[in-house]
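These protein sequences, in sequence, are chains A and B.
Counting from 1, one number per residue, gives the positions in the first sequence under our numbering.
Counting from 263, one number per residue, gives the positions in the second sequence under our numbering.
These aren't lab readings, by the way, just hints derived from the structure by calculation.
Do not take every clue at face value.
Chain B regions said to be covered by chain A (calculated; three or more residues, Cβ under 8 angstroms) [claimed, not checked]:
#, stretch
1, 376-389
2, 479-487
Mimicking BS3-like on lysine-lysine, the simulated pairs with C-alpha atoms at most 27 angstroms apart in a straight line are [to be verified]:
#, chain 1, residue 1, chain 2, residue 2
3, A, Lys162, A, Lys185
4, A, Lys75, B, Lys516
5, A, Lys162, A, Lys180
6, A, Lys218, B, Lys516
7, A, Lys185, A, Lys206
8, A, Lys206, A, Lys192
9, B, Lys357, A, Lys75
10, A, Lys218, A, Lys192
11, A, Lys208, A, Lys198
Every residue gets a Cβ at the ideal spot worked out from N, C-alpha and C, and that includes glycine.
Listed here are the chains, written in short residue letters.
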Amino acid sequence: MRNHRFRFAAAMSLGAAALLMTACSSSGSSSSSTTTASTTTGTTCTPSALDKATSPVNINFWESMPRANGETLQKLTDSFNSSQTKVHVNLVVQTSYADTWQKYQAGLTNGQLPDVVQLQDTDTQGAIDSQSILPAQDCITGFHYSVGDLLPRALSYWNVDKVQVAMPFAVSGPVLYFNKLAFQKAGLDPTKPPTTLKELVADAKKLKSAGQGGMGLKLDPWYLESELATANQLSSTTATDAARGPVPPCSTTQPAHRSSGT
Amino acid sequence: MLRYILLTLGAIVVLFPLYMAVVNSLLPPSEIAQQPPPLFPFNPQWGSYQKAWTEGNLSIYLRNSAIQTTVIVAGQLITSILAAYAFAFLEFPFKRTLFFVFLMTLMIPFEVTIATNLSTVSSLGWFNTFPGLTIPFLATGFGTFLLRQAFLQIPRDLREAAQLDGYGHLRFLWAVAIPLVRPALAALSVFSFLGAWNQYLWPLLVTGNDNQVRTVQIGLKRLINTQLDQINVSLAGTIIAVIPLLILLVVFQKQLVRSLTSGAVK
């Protein structure tokens, strides 16, 4: 028993007004209508659809942006809402990305779904499989929206089978902090931090033997995946495997999969 | 002597995390990650409690949690008393089968029935309302079981004497049986209160787009997510949410122990 709510391109207008921020998430349009599947022809999400809808169109946007990101999003939303009268975006703050996904899945059974939802990249395929989302491609085509000012790599991450499933929104990038003082004490040059994974490991070993700690890794799948993606080691093919050489299982002396880091 | 030493050590081990939570909630964020960790806040920042209260909307969430928990506890008490009385003192067909069915409900994990419960509750129009939060939990197999055991302790002679005096079932229940099983009632109340207060998954799924019925557990998770590195504020929020439970623990200590060990005896 589903509620039929048709919310369209207003989501894309919000996307046009929003800036890219720096958290780890993506944003997809979701509508709980049953005409879903992947319409990429730009038929559902069009300016004429917005004109036909009774204004103001209310959009529930499930998000879980922490701290300053959340405040920024609120400011952007407020300025968007006050700049026009056709669409009103209602920010619904959820507890966390993981909980948002749980709520979304629960919402599939009772029709209580949001209009726009911010999901983690790891939930992309799940969202596609739920057959309840309207791909952003539909709005991009319908509104002739130019995605030229977005980073190609960010766009491609949510592009499945040439369809832009979701728009990158608040995409995070892991950063490396290094302690300049510790570098000096270990005899390393603080103005030349490591730029490749190989150098990172070598410097960490030097730091450790100088009693300055070493390298702290957060063993979170996202961090590992991002670091590997940055090093272009994300997907394994025969070519990359061959280039990598025989990789020993995790041992104390040699970190696995980093021996051929570029 | 040795017993006291061991108990004190045990108490320190158990209470230390709670103590550190209070300490950390009063430290400025820069001092929390210090090594070695400070064991006493010499410069207590009471502002973190203020911040947790206002930014976390804790007043609304605590109110919602209080309403939800009270309704669930009251409901569970009423239904358990009535069902337990029926199983203890009344004879009716399929009594044994029914009791078995009650026990079976204890063996099904709650998570198994969540999707169907959610669909049922939503189609009844109770999504994001207090009935949606409370009605699925108004009856409990555990409560029935516990109180039936307690009612069975009442000597047969007392029942027969009451019958001679012309007491019907309801009057006997109200005037004689309930006062006699008061410890078990208190134990059940405490157990229900803890269970209802600490619920997370169901309130998460049933509450919707606003703060109307969100409970304090969800509010805490939101606070932690929005405060991220401000660990002192997150901890302050957690302490505020735990205070009702601590008060309950101190006041009803005996009943709590009894309820936790009730399954073990007889």
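#### Entry: Index of numbered hints that the structure contradicts, given in increasing order
3, 4, 5, 6, 9
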